[in-house]
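Peer 1: I would like the entire structure built from these sequences, with the hints used as guidance.
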Amino acid sequence: MGTYEEIFRSSVEDREGFWLRATESLDWYKAPTRALDESNPPFYRWFPDGELNISHNALDRHVDAGRGEQAALVYDSPVTGTKRTYTYAQLRDEVATFAGVLRDLGVGYGDRVVLYMPMVPEAAIAMLACARLGAIHSVVFGGFAAKELAVRIDDAAPKVMVSASCGIEGKRVIEYKPLLDKAIELSTHKPERNVVLQRPQAEASMGEKDVDWAEAVRTATPADPVPVRSTDPLYILYTSGTTGKPKGVVRDTGGYATALNWSMPNVYDVGPGEAMFTASDVGWVVGHSYIVYAPLLAGATTVLYEGKPVGTPDAGQFWRVIAENDVTSMFTAPTAFRAIKKEDPDGTFTKDYDLSKLKYLFLAGERLDPETYRWASELLGIPVIDHWWQTETGWPIAADPAGIELLEIKPGSPTRPMPGWDVQVLDTDGKPVEAGTDGAIVVKLPMPPGSLLTLWNDDERFVQSYMSAFSGYYLTGDGGHLDGDGYVFVMGRTDDVINVAGHRLSTGGMEEVLAGHADVAECAVIGVADTMKGQIPRGFVVLKSGVDADADGYEEKLRGELVEMVRDQIGAVASLKDVAVVPALPKTRSGKILRKTMRGIADGHDEPVPSTIDDASVLDTLRPVLRRE
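Sequential numbering of the sequence shown, starting at 375, is according to the working numbering.
Any given hint might turn out to be false.
The list that follows gives simulated cross-link-like pairs (lysine-lysine, DSS-like), each with its CA atoms no further than 25 angstroms apart [as the list claims (entries may be wrong)]:
hint, residue 1, residue 2
1, LYS970, LYS951
2, LYS533, LYS564
3, LYS682, LYS733
These are calculated hints, taken from the structure and not from any lab test.
On a predicted model such as this, the values are computed, not experimentally measured, just so you know.
Peer 2: In structure tokens:
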């Protein structure tokens, strides 16, 4: 295999050979003879003459190889008290049968199907069934507001909707069918049929266009995989846009399958028969890539978890899932670990479970602050690997490649770029900056397989959003730097860099300092408008469980300590003098803190509640603090 340096160099010096060799691990109806079509930049296409089916590669291929009785998917739902295991043969049969349902409803090659599903096995089954037919799926996070779902229905124009009667968020049951009905009422495009999975927690009333999932599969004839071109779209996944109109990221089939299949043994060190637990949601890119497609392509066992890191019922659930399934690699967001740390600061729940099989903890989705890294590392005694990627990229841009060799871990860095990712840092004029200097993080084109092809029905916006800021580069939207060893340091979105009296400062750097205080569970720093200095930072901290915040003079003492820490570690120029203790921070469902929304409210703007918010009441509570009312 070689060292990281040798493998990365091979991907740069022999891009064609490197990626063609990577395709050999998959089954192709027509094996590609070319790696990259560069004829129409920035619209690059991978393996243009190849034909395959990703559902066949994720399921049938393993059954045909004699591993049909191995566990493919484990459904673990503490919120319903359910646990169910599907072997590869069982999952293949379920997927083939549901593909037959969709086929009988008129779904075929190139048609779109929008999935509006909770974290149940049927969500993965529906995704793989669409792929089996050559149809394009678009998963919308279950429970999204009807208006937001309607926008996505109009953009994707699906032939069929697939939903469930309800989802369960913590202790709340959320009825999906009324939201789905309202979305279709609001949308201009009207899907022909709606397949609904009835769940006992809240059964849905059915209309004339509605099809009961269980009844439909009872009479369906299984469908065989349909060969598609490598360059054909596999799915559309919507990500928020600056204009309010969501951007439909389009992912190809062959490039994505190749990149994910390469990443499993090399980045995550997970092979056939081993278990991977990715605590995310199928509505996000992490769920698409590392709950559904990548583990199954690798012949591994994937755990699909319906629950929260805490409160369903306690902060030990991740440890239980790891122990019960002999998980070797876990992947989640740093915010999940901050929630566990807040509820169980000493990690006492780990003592109840055998975690000896767990080799790595992978964290991504937002910046891993050094304090959370330290806490998790000391608690688990295994490598805690920060890695960085985006909805648009489909798989990690930078990581510590556990399956090749573990590089030195530098807290605050997702380590080095993975093969095919030529990461650079540019100044505002598009010139490379010196090592250690912050700037815009970009990727030199072409990007490797698995990254987005374009935006659905909007090539112009694709170019404008990602490719126009710096000619020949993909704009990640993140700011940071490379150090002298080539390590990537992502300090936050470029709009999280604030200008204090002419000094450009990273709010991520200040958050790093605040998170280092013994009483702080998590924090956010935003830049707010100031007539004298342009912007000044304001900090917001959530305390760990057990801290007596009501003690006489506690908040004033804490504020003084935090201000002094930032002054010592960043300097007086940071000018952080305003720190508020708050009960919670507003976040998206994927755990990202809504800093942009907080900043808008603090600046006096009438900020709408984002469609991606997890709990709007948290923002309502924080509004008066942000506005100083």
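Peer 1: Each hint: holds or not?
Peer 2: Each hint tested on the structure:
| no. | hint | verdict |
| --- | --- | --- |
| 1 | LYS970 <-> LYS951 | holds, 20 angstroms |
| 2 | LYS533 <-> LYS564 | holds, 8 angstroms |
| 3 | LYS682 <-> LYS733 | holds, 22 angstroms |
Checked against the numbered hints listed earlier, the structure breaks none of them; every hint is satisfied.
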